Amino acid sequence: MSKVFIAFQLNEDTRPIIEAVLADNPHAEALESPAMVKIDAEGSLVIKRETIEELIGRKFDLQELQINLITISGHLDEDDDQFKLSWPN
Amino acid sequence: MQIDLRTVSIKPLRHTFDHIARRFGDKPASRYQEGTYDIQQTDIFHYRPMWEPELQLFDKRRTKVQMKDWYALKDPRQYYYGAWTIARARQQDAADSSFEMIEERGLAGIVPEAQRKLALDILVPMRHVEWGGNMGNSFISAYGYGTAITQPCLYHAMDHLAVAQYLTRIGLVLDGPDALDTAKDAWMNGAMWQPMRRHVENTLVLQDWFEIFVAQNLVLEGLSYPVFYDYLDSEFSANGATAISMMTRFMAEWATETSKWVDAQIKVAAAESPENKAMISDWVKQYRAPVVEALTPLIHHAFGNKADSVLDDMSAQFATRCTKLGLSV
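Just so you know, the sequences run in chain order A and B.
Per the numbering used here, residue 121 is the first one in the first sequence, and the count goes up by one each step.
Per the numbering used here, residue 3 is the first one in the second sequence, and the count goes up by one each step.
Source of the hints: derived by calculation from the structure; they are not laboratory data.
Keep in mind that this is a model prediction, so the values were computed, not measured.
We put the CB at the ideal spot given by N, CA and C, even for glycine.
Keep in mind that the hints are not guaranteed to be accurate.
Under 7 Å between C-beta atoms, here's a sample of chain A residues computed to sit facing chain B [claimed, not checked]: (1) PRO154; (2) LYS158; (3) GLY177.
Calculated Cβ distances over 12 Å to all of chain B for the following chain A residues [claimed, not checked]: (4) PRO136; (5) GLU152; (6) ARG169; (7) GLU174; (8) LEU185; (9) GLN186; (10) THR191; (11) LEU196; (12) ASP200; (13) LYS204; (14) SER206.
Make a model of the complete structure from these sequences and hints.
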């Protein structure tokens, strides 16, 4: 298996996103650099809208994470409820 | 000359304030956590209030409800001042543009006479009820304990003023400044409004702040908002008065949002101890009767022969909500 990853700018808006990603993906590893967090995960990584909403206490549109997104690697499967990276083939 | 660029990562010595770290561990805290937890002053009160010398300035004994940790009453919306003002500013913009459109296109003029009169009779005098809501919630933020609950109560108090202002504006749009005098007169002298006025005035003199929270935010709002901004709203829309629905949009939205917050408070407080649960359930029973009595003439006026089914629905919905919150009512 190969790794997928996603990197965010580190700020007030992304902290709950990162927390949600790590809670939903126990196999993921966060690598903190100055002003940036890169999350690596073996095989696949999923970001769930519901988990983020619980943490921030308001409605969240998954498109909002694009504002602070730096880069991703993996095949992206995205709908209203989740944002999934994987290597399906 | 060769220049090497490298990143130096500097680990901060601490991520947040000590009192936040004691609760959540030393990691970056959200603005809500930093602006809420353990902000309440707990010690070093030099003088007792002259108007209540048996209590401290901030005292947990100002209510019969008791909590081990008052910060368990947290706000699911996570409103601190910034988040709250941003959310409300957005809603205010939306509401403003609805009002502007109605005023510019003269949409108020095509509201059928019966619906216009209904809005003037029912919605506009409600602004006096909203003022009562403002007073009650201001009282809670002044005498309550723990920033987790006093903070959103102050926001809630200000939101009530906002609703009162929207109701005033509805009166102005539909009938000009005279609408307000007529509504005030109905509030002071109209037979239909006297039970409501009596109830609102009775809650103004309560001393136990959590009792006010239950009486105002759970019972009065929980029963009246669905009636006025859901059932009555459908009546307006169905009878060609969509303009009125546009003007009450904020209230409907706001009620859905705030009821989640109210629910979270009641649920946590009732789950804390059997004493709390019994106390809150008693308050609900105590205040439900006068509120239903106060709403009955208004509902009869607004819904005519459908009034009974609206009353039944309203009570059933409210009972289900209370049961879900763990109350025995």
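- [ ] May I ask which of the numbered hints given earlier this structure violates, with the numbers listed in increasing order?
- [x] Violated hints: 2, 4, 5 and 7; rest satisfied.
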